[in-house]
Every structure is written in C-alpha cells, then in structure tokens.
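Novice: Chains as they are written, first to last, in my numbering: chain A, 1 to 113; chain B, 1 to 113.
Think of the hints as simulated: they come from the structure by calculation, not from any bench. Just so you know, not all the hints are guaranteed correct.
With a cut-off of at most 25 angstroms between alpha-carbon atoms, the simulated SDA-like pairs for lysine to any residue come out as follows [what the hints assert, rightly or not]:
hint, chain 1, residue 1, chain 2, residue 2
1, A, Lys-42, B, Thr-38
2, A, Lys-56, B, Asp-24
3, A, Lys-2, B, Ser-62
4, A, Lys-42, B, Arg-109
5, A, Lys-42, B, Gln-84
6, B, Lys-57, A, Tyr-102
7, A, Lys-42, B, Thr-2
8, A, Lys-42, B, Asp-63
9, A, Lys-56, A, Ser-26
10, A, Lys-70, B, Asn-100
11, A, Lys-42, B, Ser-87
12, B, Lys-14, B, Asn-100
13, A, Lys-70, B, Glu-44
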Amino acid sequence: QKEVEQDPGPLSVPEGAIVSLNCTYSNSAFQYFMWYRQYSRKGPELLMYTYSSGNKEDGRFTAQVDKSSKYISLFIRDSQPSDSATYLCAMPDRGSTLGRLYFGRGTQLTVWP
Amino acid sequence: DTGVSQDPRHKITKRGQNVTFRCDPISEHNRLYWYRQTLGQGPEFLTYFQNEAQLEKSRLLSDRFSAERPKGSFSTLEIQRTEQGDSAMYLCASSPGPYNEQFFGPGTRLTVL
Chain A
1 QKEVEQDPGP LSVPEGAIVS LNCTYSNSAF QYFMWYRQYS RKGPELLMYT YSSGNKEDGR
61 FTAQVDKSSK YISLFIRDSQ PSDSATYLCA MPDRGSTLGR LYFGRGTQLT VWP
Chain B
1 DTGVSQDPRH KITKRGQNVT FRCDPISEHN RLYWYRQTLG QGPEFLTYFQ NEAQLEKSRL
61 LSDRFSAERP KGSFSTLEIQ RTEQGDSAMY LCASSPGPYN EQFFGPGTRL TVL
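Only chain B is shown next, with the shape it has when bound in the complex (with noise of 0.2 angstroms):
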C-alpha cells in the first residue's frame, strides 16, 4: 500500500501528558498537512510543509503543539501537556504540489482522559 500512513491509529492518555504521532506521507509528495477534526466536524487545517519548510501555521495551533519534517519525508506532531480538549482525531494529507489533489491518512485518534 502506497497511500499516506499514520501511526499509532488510536492513543488514549492522560491529561497532562505528552503524546507524538507520526504521518508518512506518499512518496516524492513534498507537501505535507495536518488537520484535527472532532466528532461531527469537519477536519481543521493546522499546519502545512513544503518539503521541510514549514510554511503556514493555524492559530488553533498553540504553543502545546509543534510540528516537525526533517528531512522534508515523514513528519511528527507533538503535543505537550495534554487537555481533555485535545481529544480529537488528528489527519495528515500529502500532495505532489500546491495544485494537486490531497491524500489523506487514516488518522490518529486521540483520547485525553
């Protein structure tokens, strides 16, 4: 399978820890996303790199958050100090450029406790 992949799928923790989810995104794709979307919403863009640039960031995306693509491939997101809030399911979206179509993962779904 050749698609963006996500990883872990589900992870349950406790408020006030730190989780990092991980997004590998289809090959030779140099733009990468993050999107948070929670039940009965639609997703919410948090932030996008061009190769490891990152280029744009969400003002959802608070100083408890950070994203990283070093080497312009995969990428991690980190959140730090959790909050029940942060309860959501997290998507990663690769595409070949800034005129194409984007892919999604599966998501990672996070429960905060």
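This is chain A alone, in the form it adopts within the complex (with noise of 0.2 angstroms):
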C-alpha cells in the first residue's frame, strides 16, 4: 500500500462548477497536509498548507483534513479554465520536520468555458 492514494482522474468541469479532489493516506503519523498544483511541463508549486485536523480557506480553495479517516480534501469554488491542471496532495515524513514529501499521484482537473 502507498502513503498516499488519489484517485488520478481525469475530472472535467464546466466553468464556475465547485470542484472537490480528495487523498487518503495511511501514515497516521502525518501532521502536515498540502497541495500542489502543477501545470503542463511545470514544477509543482504550493497552492495550500494545513497543520492537523480542519478547515483552512484561502480564496476559492478551501483544505479539509479529517485524520480521524485519513482522509484530506481540496474544494476549488467558482472554478476557471486558468485552474486546469494536475493538482498533488502531499504530505511531509517525520511530522514537523519537513522532510522529504510523499506525494499522491495527482488528479487531472479540466474546467472548462
């Protein structure tokens, strides 16, 4: 079993859809939640950064983490074609350290006009 499992789509949505993206991971060890997004022939970069069980919202983005279920999501509201792209959950070893970064495999998100 991988550390982290997401379903890697591909997801395709109208413009202005709500769109939810989910990992679970098996490491309950694991303290710090984060997604990447990461464009066509890009690195990926940081869109949000949660510590622990919650909510954290951040514009249209809004991170969930329910470590009770291992389970951690990324909502993406009013969603737009410039948000189309393979978004990353990952998560850091060795809890506050940051460490090396086990990421999901990724989902395809294609919003499109």
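Join the two chains into one complex using the hints; note that each chain is given alone, in its own frame.
Specialist: In structure tokens form, the structure reads like this:
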C-alpha cells in the first residue's frame, strides 16, 4: 500500500463548478498536509498547507483534513479555465521536520468555458 | 527571476550514456531536494541536502545515481549507464529550512532511447 493514494481522474467540469479533490493516507504520524498545483511541463507549486485536522480557506480554495479517517480534501469554488492543471496532495515525513514529501499521483483537472 | 532553476530543461540520450543535471536553488535556501516524476505519477523522493551534507537517500537511488552539493550552493545529479527506465522528469526543490515549504524548479525531462 502506498503512503498516499489519490484518484488520478481525469476530472472535467464546466466553468463555475465546485470541484472536490481527495486523498487518503496510511501513516497516522503525518501532521502536515499540502496541496500542490502542477501545470503541464512545469514544476509543482504550493497552493495550500494545513496542520492537523480542520479546515483552511484561501480565496476560492478550501482544504479539509480529517485525521480520524486519514482523508484530506481540496475544494475549488467558482472554478475557472485557468484552474486546469494536475493537483497533487503531499505530506512530509517525520511530522514537523518537513523532510521528504510523499505525493499522491495527482488528479488531472480540466475546467472548460 | 529568483526561483529554483534547472539545467538542461530537456535531455535526450542513448542507453548506456552518462548524464548530469544541475539545480540552482533559491539563494540562501539551505535545504535542497531531488525528486523523480514519471508520467501519470506524483514526484518520488530521491535525496536531500542540508547545506553540503546529504542527509537522506531513497532506495530508488541506485548505485548508478550520485548527487552532490559542493559548498552548499548548486547541486548536481549524475546518472551513469542510463537505462530506458530512467526516463522521467527530474525535479529539484529548495526550502529555507526544515519547517518551510519546498519550492520546485521547472524540472529536467530525461528521455533515454
């Protein structure tokens, strides 16, 4: 079993839709949870970063963590064509030391106008 | 542009040849990471440096792979006797320290014929 599981999609939605992206993980020691966005042929860029359980909102993006279920989500409201990218969840090893990151395989999202 | 830079952006080589990639981190970032990403997968950790010290290596990093970070600035990743299975995107990331996000470069795409 991989440390982090993520449905690869692809996911295709119309502009303005609410998008839900999800990951599950197996290591209960994970404390930090990240979402990266990767455009085609580019490196990943950090979108959101949460610690432990709960919600965090940043503009149109909301990250949720449910540690009891080992389940994390990223919601995108009022999705735009510019949101079309691959979204990767990631968790650092060793809790707060933020060393190596364990990534999901990414979900490819297309938002069509 | 003061982001992470990688060179070359694309490398095509024949099986059995040696290749070397370079990563220049963001200035004064003392942590530097290498990841490998194959098509449809998330990045997989290879190794990381704290200044010039290589602190961790993944089991993915076979004896044919070697990484250096002389003087704690830029880093090189060398692959000897390349194999077709080495074809991937090689990503470099840097961070100011262990509690900060990792900033990724654009990657070097390696194709082994």
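Novice: Now tell me if each hint is right for this structure.
Specialist: Evaluated hints:
{"no.": "1", "hint": "Lys-42(A) to Thr-38(B)", "result": "13 angstroms, holds"}
{"no.": "2", "hint": "Lys-56(A) to Asp-24(B)", "result": "32 angstroms, violated"}
{"no.": "3", "hint": "Lys-2(A) to Ser-62(B)", "result": "20 angstroms, holds"}
{"no.": "4", "hint": "Lys-42(A) to Arg-109(B)", "result": "10 angstroms, holds"}
{"no.": "5", "hint": "Lys-42(A) to Gln-84(B)", "result": "22 angstroms, holds"}
{"no.": "6", "hint": "Lys-57(B) to Tyr-102(A)", "result": "14 angstroms, holds"}
{"no.": "7", "hint": "Lys-42(A) to Thr-2(B)", "result": "16 angstroms, holds"}
{"no.": "8", "hint": "Lys-42(A) to Asp-63(B)", "result": "28 angstroms, violated"}
{"no.": "9", "hint": "Lys-56(A) to Ser-26(A)", "result": "22 angstroms, holds"}
{"no.": "10", "hint": "Lys-70(A) to Asn-100(B)", "result": "23 angstroms, holds"}
{"no.": "11", "hint": "Lys-42(A) to Ser-87(B)", "result": "17 angstroms, holds"}
{"no.": "12", "hint": "Lys-14(B) to Asn-100(B)", "result": "38 angstroms, violated"}
{"no.": "13", "hint": "Lys-70(A) to Glu-44(B)", "result": "21 angstroms, holds"}
Consistency note: the structure conflicts with the earlier hints numbered 2, 8, 12.
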